[in-house]
Amino acid sequence: MDEAVDDVQSLYEKQTKIHAREVKGLFNKLRDASTGVLLGVYYLLPWLRWDERQAVLFDLPARKFYIFGLTFWPQDFVFLSWLLIIAALLLFFVTALAGRVWCGYACPQTIWTKVFVWMERLAEGRFARRIKLDRGPWTAEKILRKTTKQLLWIGFALWTGFTFVGYFNPIQELTVSFARLELGGWQWFWIGFYSLATYGNAGYLREQVCKYMCPYARFQSAMFDADTLIVSYDVQRGEPRGRRQRGRDPVKLGLGDCVDCNICVQVCPTGIDIREGLQYECITCASCIDACDEVMDKMNYPRGLIRYTTENALEEKPSRIARPRTLVYATLLVALCIGFFVTLANRPMLHVDVIRDRNALYRELVDGQIENVYTLKILNKYDLAYPLTISAEGVDGLQVDTGDREIQIDAGAVLNVVARVRAQRDTLGPGSQQIRFRVETVDRDKVAMQDTRFFAPIERVQDDG
Amino acid sequence: MAAPDNNSQFDDDVEIEATRASKPWSRRAQLIAVVGWSSFLVAAVGTMLFFAFVDPVQMEDTMAGRSVSRMTGYGIGFFFFWLLSAGAAAVAVFMVQSGRQNDRDRR
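Chains as they are written, first to last, in the working numbering: chain A, 96 to 560; chain B, 9 to 115.
Please keep in mind that the hints were generated in silico from the structure rather than gathered at the bench.
C-beta: ideal position from N, C-alpha, C; glycine also.
Do not rely on the hints blindly, as some may be mistaken.
To be verified - Sample of chain A residues facing chain B (criterion: CB under 7 Å; computed from the structure):
# : residue
1 : 156
2 : 160
3 : 167
4 : 307
5 : 308
6 : 399
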């Protein structure tokens with residue numbers, strides 16, 4: 096066995112040393128690309144302008160969300176929940192089709208971990224060197240390298256936290272206040288909170304989050320079937336594994352293609368051995384594929400001993416992309432998306448909420464009328480101001496008194512109007528009845544309606560008799 | 009960390025992204041992480057839902073006349089929800105853990 100190890104050793108030492116970047120495989124490049132794109136979007140999006148304002152701004156202090164040309168109000172909450180449902184279904188669909196690509200290529204945990212690892216490598220060198228550094232005494236070099244790493248990490252984490260808060264507060268103003276150290280208490284707090292979370296998660300917790308804390312990791316297998324893309328070791332081809340000298344025919348040695356170099360285990364960020372089969376810890380980062388392909392190339396064996404494949408393909412059965420599960424997910428997804436955009440295009444732009452006066456259910460006026468008082472919260476999502484008329488229906492002769500003032504609502508504004516609604520007593524039943532408020536633009540082009548209750552005395556008061 | 013064992017000869021040849029943290033977490037650490045993180049997620053959703061319908065500025069009446077700014081309202085709301093759901097998660101974990109222990113004791 097020792098001899099075998101030596102053989103392998105000498106075999107590899109003859110190879111010229113390869114630079115890290117050049118040996119990086121296809122999937123590593125793909126992950127680099129997705130990391131670059133996603134982080135680029137994250138850090139740059141808040142700086143994008145649209146019509147004199149920030150293109151994407153979740154303005155929590157003003158309770159308005161701006162997404163490019165659209166403005167969302169708390170009343171549009173349904174769209175946010177709808178969007179989240181679409182996102183969840185998309186995740187299911189992609190998982191059924193291609194396995195955990197989310198984990199390997201798009202999850203913020205993976206993305207930021209990758210950047211932090213990259214910074215670590217920049218400051219402390221590569222794997223073996225890093226271990227040596229960790230075990231060695233605190234020399235000047237070690238202090239310098241560790242400090243550099245911490246500075247890089249903290250700086251990047253702060254930038255991340257700042258950007259995060261920039262999605263909720265106008266980032267240009269935020270930058271000015273930040274530079275002058277004039278941020279509000281909560282702004283400081285959330286920048287710190289998010290920076291700390293980034294620093295801890297990407298710097299220290301890393302894939303432990305996937306192993307111990309991620310709910311998706313535990314339930315994603317429910318979306319899996321025999322046609323789902325997985326990272327798998329080809330047992331048929333690889334076994335029996337064993338070390339050997341290059342150039343010797345594995346068939347004669349009675350060996351499979353796996354040289355048992357253990358590199359696939361070493362590169363695995365979650366520390367599993369992919370040769371033991373699919374495990375829930377696997378985040379399909381495909382590092383083991385890249386690493387194994389590298390070794391296969393050196394051995395002059397075909398690549399793909401570890402590869403993206405499906406359970407069916409491994410059993411030499413055909414793999415299908417269109418199958419009941421994916422078709423159902425896809426149909427639902429398309430239907431939800433169409434519904435979303437149709438509803439969005441037709442969403443009510445004039446909105447009214449009716450709040451009853453809390454002090455009295457009703458008032459009896461001297462002339463014998465019954466009066467109920469309401470506050471109407473009218474919301475105009477249009478970019479134009481409108482004069483409004485307010486009426487109510489549901490009881491004969493219902494009158495709405497909003498005072499003498501003409502009611503005019505500004506563009507993108509909320510207007511509170513006190514409305515006194517009166518009805519003749521004899522037109523009312525006992526107790527309460529439903530009425531409906533109509534808020535219309537004067538040209539009757541746009542209308543918002545809201546139902547509410549109108550209260551009257553429970554006993555029909557006997558008139559003079 | 010996976011120590012440079014008999015395979016260290018590969019370390020310079022094949023770039024290894026050893027991102028692995030030093031060792032597996034203890035059961036206690038796992039439980040704390042699970043309680044903290046799952047309640048964080050729930051609190052995030054809860055905060056979103058709650059403040060979609062409630063404007064902190066208009067909560068003055070229910071807050072004994074004290075008025076709070078929106079950002080303060082959101083902040084307090086979030087940590088209130090986090091604390092609440094972490095409490096629920098912690099109790100759940102405690103029940104499950106202690107129950108299992110009892111089963112084992114009996115056997």
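Hint validation: residue 399 of chain A versus chain B, beta carbon distance must be below 7 Å. Holds or violated? Where the cut-off is 7 Å and the nearest Cβ of chain B is about 17 Å from residue 399 of chain A, the hint is violated.
Per-residue hint verdict: residue 167 of chain A, partner chain B, C-beta under 7 Å: Not OK, violated: residue 167 of chain A not within 7 Å of chain B, min 10 Å.
May I ask you to test the interface hint for residue 156 of chain A with respect to chain B, counting a Cβ-Cβ separation under 7 Å as satisfied? OK, holds: residue 156 of chain A within 7 Å of chain B, min 5 Å.
Identify whether the interface hint at residue 307 of chain A stands, where standing means a beta carbon of chain B within less than 7 Å of its own. Since the shortest Cβ distance to chain B is 5 Å, the answer is holds.
Go through the hint on residue 308 of chain A and say holds or violated, using the shortest Cβ distance to chain B against 7 Å. Since the shortest Cβ distance to chain B is 4 Å, the answer is holds.
Hint check: is the beta carbon of residue 160 of chain A less than 7 Å from a beta carbon of chain B? 11 Å, violated
Hints 2, 3, 6, counting from the list given before, are not met by this structure.
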